[in-house]
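Each chain is listed here by its residues.
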Amino acid sequence: MSDELSAQLLALYRNTAREVPDEKLDRAILGNAHAVAWRRRNRAPLLTAASCTSLAIAIALWSAAATTKPHPALDTAEFGMNDGRAPSYAMNANASVNREPGMDANPGLTAGMWTKPDVD
Amino acid sequence: MQRYQTGDNRAFEILYQRYRGRLHRFVRRVTGASVEADEIFQDVWLAVIKGKSRYAPTARFVTYLFTIAHNRAAEKLRRRGRSTIVELLEDDGSVADGEPDPLNVALNVELGKALADAIALLPVEQREAFLMQAEGGLSLDEIADACGAPRETVKSRLRYASRRLRRTLESWK
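Each protein sequence line maps, in turn, to chains Z and B.
Quick note: the first sequence, position 7, residue 116 per my numbering, numbers continuous.
Quick note: the second sequence, position 20, residue 25 per my numbering, numbers continuous.
Please note that a few of the clues may not be correct.
Among chain B residues calculated to face chain Z with C-beta under 7 Å, some are [claimed, not checked]:
| hint | residue |
| --- | --- |
| 1 | Asn14 |
| 2 | Phe17 |
| 3 | Arg25 |
| 4 | Gly26 |
| 5 | His29 |
| 6 | Arg30 |
| 7 | Asp43 |
| 8 | Trp50 |
| 9 | Ile54 |
| 10 | Gly117 |
| 11 | Leu120 |
| 12 | Ala139 |
| 13 | Ser167 |
| 14 | Leu170 |
If you are wondering where the hints come from, they were derived from the structure by calculation, not from laboratory data.
Glycine residues also receive a C-beta, built at the ideal position from the N, C-alpha and C atoms.
Assemble the whole structure, with the sequences as input and the hints as a guide.
Right, dumping it as structure tokens:
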């Protein structure tokens with residue numbers, strides 16, 4: 110197709126072939142392109158929102174779990190659940206505040222037995 | 006196309022406006038049927054839209070476009086089962102593409118019609134090769150890539166097409 114006649118054929122073709130697609134086709138194709146672009150644009154934020162929600166829920170659950178879990182010191186003080194560790198200062202202080210004067214519990218007595226105050 | 010890949014939808018419109026006429030004429034003349042041509046034309050653009058993320062700029066966009074068109078048209082012709090039978094294009098009074106040169110159109114309108122009819126009578130492979138060159142401006146290598154045929158085969162097809170067309174148009178001299 111490099112000869113002059115072939116070049117003339119191509120030129121003739123290009124000068125005369127001018128049909129174009131129907132406008133309905135144009136609208137359909139451009140509409141499709143816009144629709145696909147719109148879906149792509151709107152899919153990303155939805156995913157982000159979903160991820161954010163999941164993350165927020167996860168943080169809330171984790172934080173709730175962390176705050177409701179009893180502190181090891183409280184375990185010992187409130188429920189007498191001695192786990193082998195030394196009692197905290199707060200527990201001892203609390204114990205002395207609640208104790209009535211002259212009613213010190215004798216470590217040698219069993220529970221419910223009190224020594225009679227010495228009146229003499 | 007690379008701008009379109011980055012999300013610039015306006016770039017697609019520019020591509021579409023640039024190639025709509027050429028691609029439509031190509032598929033219309035290769036298939037020889039306007040309804041099928043419209044379907045293929047839509048399919049090709051839909052493939053461009055849906056495959057934009059997979060597009061790799063290894064070739065010119067026009068080669069990519071005409072390769073898809075070739076595959077779709079070949080598939081359609083295979084299904085039709087008569088790839089070598091052609092139909093003359095009916096004149097549907099389509100609108101002109103862009104601003105035509107009035108003098109050229111006036112002088113060549115009849116000759117152009119004769120040429121279009123002669124193209125329609127070419128065997129489909131020759132017709133396709135000629136149209137890829139005429140409409141897409143594709144080189145020999147690009148046509149070979151698009152058709153999946155050896156370069157020398159494409160060269161022969163173009164030579165035969167040219168010879169046939171010249172012979173058909175002899176009476177116009």
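Chain Z contact restraint on B:Leu120 - CB to CB distance below 7 Å: holds, 6 Å
Status of the hint placing B:Ile54 at chain Z (closest C-beta pair under 7 Å): B:Ile54 check passes; min Cβ-Cβ to chain Z is 5 Å, inside 7 Å.
When the least beta-carbon distance from B:Arg25 to chain Z is tested against 7 Å, hint result: Check passed: Cβ of B:Arg25 comes within 6 Å of chain Z, closer than 7 Å.
Cut-off 7 Å, beta-carbon criterion: hint that B:Asn14 touches chain Z: OK, holds: B:Asn14 within 7 Å of chain Z, min 5 Å.
Minimum beta-carbon distance criterion (7 Å), B:Arg30 to chain Z: Given a least distance of 6 Å, the restraint on B:Arg30 holds.
Cut-off 7 Å, beta-carbon criterion: hint that B:Phe17 touches chain Z: holds, 5 Å
Hint check, B:His29 versus chain Z [nearest Cβ-Cβ separation less than 7 Å]: holds, 4 Å
Hint check: 7 Å Cβ-Cβ cutoff, B:Ala139 to chain Z: B:Ala139 check passes; min Cβ-Cβ to chain Z is 5 Å, inside 7 Å.
Closest C-beta approach of B:Gly117 to chain Z relative to 7 Å, hint status: holds, 2 Å
B:Gly26 as chain Z interface residue, shortest Cβ-Cβ below 7 Å: It holds, given that the least Cβ distance between B:Gly26 and chain Z is near 4 Å, below 7 Å.
B:Asp43 as chain Z interface residue, shortest Cβ-Cβ below 7 Å: holds, 6 Å
Status of the B:Trp50 interface restraint (C-beta, 7 Å, chain Z): Holds. Min distance 5 Å.
Comparing the model with each earlier hint shows no violations; every hint is respected.
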